[in-house]
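K.L.:
First residue of the sequence shown? That's 2 in our numbering, and the numbers climb one at a time after it.
None of these hints come from the bench; they were simulated from the model. Among the hints, erroneous ones may be present.
Okay, derived cross-link-like pairs now, DSS-like style, lysine-lysine, Cα gap no bigger than 27 Å in a straight line [stated by the list, open to error]:
#, residue 1, residue 2
1, K229, K140
2, K140, K249
3, K249, K32
4, K471, K32
5, K32, K89
6, K139, K89
7, K229, K139
8, K32, K415
9, K347, K32
10, K306, K229
11, K347, K453
12, K415, K471
13, K272, K322
14, K415, K347
15, K229, K322
16, K196, K322
17, K415, K196
18, K322, K249
19, K229, K272
20, K453, K373
Label-pair distances were calculated between CB atoms; the ranges are [stated by the list, open to error]:
#, residue 1, residue 2, range
21, I307, D438, 35 to 45 Å
22, P311, H361, 39 to 49 Å
23, E375, A412, 27 to 37 Å
24, S377, M339, 45 to 55 Å
25, D275, M339, 21 to 31 Å
26, D88, K32, 19 to 29 Å
27, P30, E179, 55 to 65 Å
28, P371, R334, 41 to 51 Å
Quick caveat, the model's predicted, so the values are computed rather than measured. In this text, a Cβ means the ideal position worked out from N, Cα and C, and glycines have one as well.
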Amino acid sequence: MHLFQRTALFFAFSVQFLPNVVSAAVAGPLKAGAARVEITPDANAIPRPFTSILDSLYARAIYLENGHDRAALLNADVGAISTAITDKVAAEISRQLNVPVTNILISATHDHSAIFGGPRPTSGASPTPNQPAEAFEKKLVSGLIQAAVQAHDRMQPAKIGYGTGSLHLNVNRDAIDEHTRLWAQQPNLEYPSDKMLVVIKIESLNGELIAVYMNYAMHANSLFLDGKVSGDFPGEAERYIEHTYNEKTVALWTSGAAGDQNPLYLRANSKVADARIHAVMDAEHVDLGTAVMHAMFNGNPEADKIALDPIAIEQSIELVKAEGLLTAEEAIRVMANMQRMETEVKIEGEQQDITCPARHRLDTGREGAPGKYEDSPDPVHIKIGALRIGDVVLGSANAELYNMIGQHVKAGSKFHDTVVVTLTNGMANSGYVPTDDAFGRYTFQVLGTALKPGCAEPRIVNGIDGMVEKME
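Construct the complete structure from the given sequences, taking the supplied hints into account.
P.N.:
Here is the structure:
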């Protein structure tokens, strides 16, 4: 039973099925391999708005096959990856490794302290083309492909298991400010927030850990606008696990439905980010919403020069390390208690493109007041998918989903072990994807989305669960 009935939709939309849909999956003995490739930008060619490097960035991949079908799970320590890049990478991996494009997931950790791969297809400021950014994109593309090929070359007989833990690190960020009584981005302990950490363990038949695939719904923005390239807490968690197992395993972190989920603790970083944003406002004479976009994607020579609170920066870095450590240790605990491991698995995947009516914003206010819009002739396109590996299903979307959309997908799936992976296989031109009941909130996510209420939420939930329903 799907949570949303298609008959309740009274608007025009279309669904396009992508090629290479697997129709009759056959179980077979699992083989798997994993690899990582460093993609840190060159120190002398760091794309703006970054000015220094705190820690290394990586592209990672897990390759899976069962004698009949193949799949590849990839991620990168970046803010997002454009659809043009993910399409290019998926096509090359498919060509080299004979993996159907529908069985390839390429995810970004949505790390706000790393470069965005390609311009974001949303309204507002977009990155100014520059040679360092273009050089990084080439390194990103090459790193993802190399990681997939190396993972394939390292495959061996394997087994896979699924488990869940709990982390109280995230919080819903749609809130009414207690002083202004207006909508703002602040911790809201009363609104939905999924605390589940999903852990997928892949190990050799003799018990050596090959790879870990993690999923949690929280923005990686604890070092936002501090000017340092970093993997933020996902990178810390990945490297912590890899170091724990003597660099012989590869750990991938992916973002769950975190469109309305922030880290619970952002006090220190708020000092840094607010100072940088207000410096851009003063230098460019723009409003808050415009300043945030410019500071995030372009930087500003004058704003880059301001003195930032050194204690706030130090404490933000310490917090990120703590968040990464807790995430990694919880994943390790879950793996230690994992009882059921599969060696014979089915692998099958499907993807769909959905379209929804769009709106174009006419003003630029950040939050707290209604926006002004006109209908857009260009619809919103969102790519969704479902990839099954044994009894585990990875539902995917190339957008930032509100948390309850992810929870609805999991609740409606016929597979108990269903994961929702966002910012996967590109970037939709939607912006955020709020729940329909959130459109009355004047938060920056709702004001900035190109979507109208009533389309995306039911189409995503019904679409993913519908694909899963056909899997036997």
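K.L.:
Each of the hints needs a verdict: does it hold here or not?
P.N.:
So, going through the hints one by one against the coordinates:
1. K229 / K140: 19 Å, holds
2. K140 / K249: 23 Å, holds
3. K249 / K32: The given pair, whose Cα atoms are some 17 Å apart, holds under the 27 Å limit.
4. K471 / K32: 25 Å, holds
5. K32 / K89: Roughly 25 Å separates the two Cα atoms, so the pair holds.
6. K139 / K89: 11 Å, holds
7. K229 / K139: 21 Å, holds
8. K32 / K415: Holds. K32 to K415 sits at ~25 Å (cutoff 27 Å).
9. K347 / K32: 12 Å, holds
10. K306 / K229: 14 Å, holds
11. K347 / K453: Violated: K347 and K453 sit about 38 Å apart, past 27 Å.
12. K415 / K471: Holds, at roughly 10 Å.
13. K272 / K322: Given pair K272, K322 holds - Cα atoms ~19 Å apart, limit 27 Å.
14. K415 / K347: Measuring from Cα to Cα gives roughly 16 Å; hence the hint holds.
15. K229 / K322: Holds, at roughly 15 Å.
16. K196 / K322: 19 Å, holds
17. K415 / K196: 21 Å, holds
18. K322 / K249: Measuring from Cα to Cα gives roughly 21 Å; hence the hint holds.
19. K229 / K272: 15 Å, holds
20. K453 / K373: 13 Å, holds
21. I307 / D438: 35 to 45 Å: At roughly 40 Å between Cβ atoms, D438 and I307 fall inside 35 to 45 Å, so the hint holds.
22. P311 / H361: 39 to 49 Å: 42 Å, holds
23. E375 / A412: 27 to 37 Å: Holds, at about 36 Å.
24. S377 / M339: 45 to 55 Å: Because 47 Å falls inside the window, the suggested range holds.
25. D275 / M339: 21 to 31 Å: 43 Å, violated
26. D88 / K32: 19 to 29 Å: 27 Å, holds
27. P30 / E179: 55 to 65 Å: 58 Å, holds
28. P371 / R334: 41 to 51 Å: 46 Å, holds
Of the numbered hints given earlier, the model fails hints 11 and 25; all others are met.
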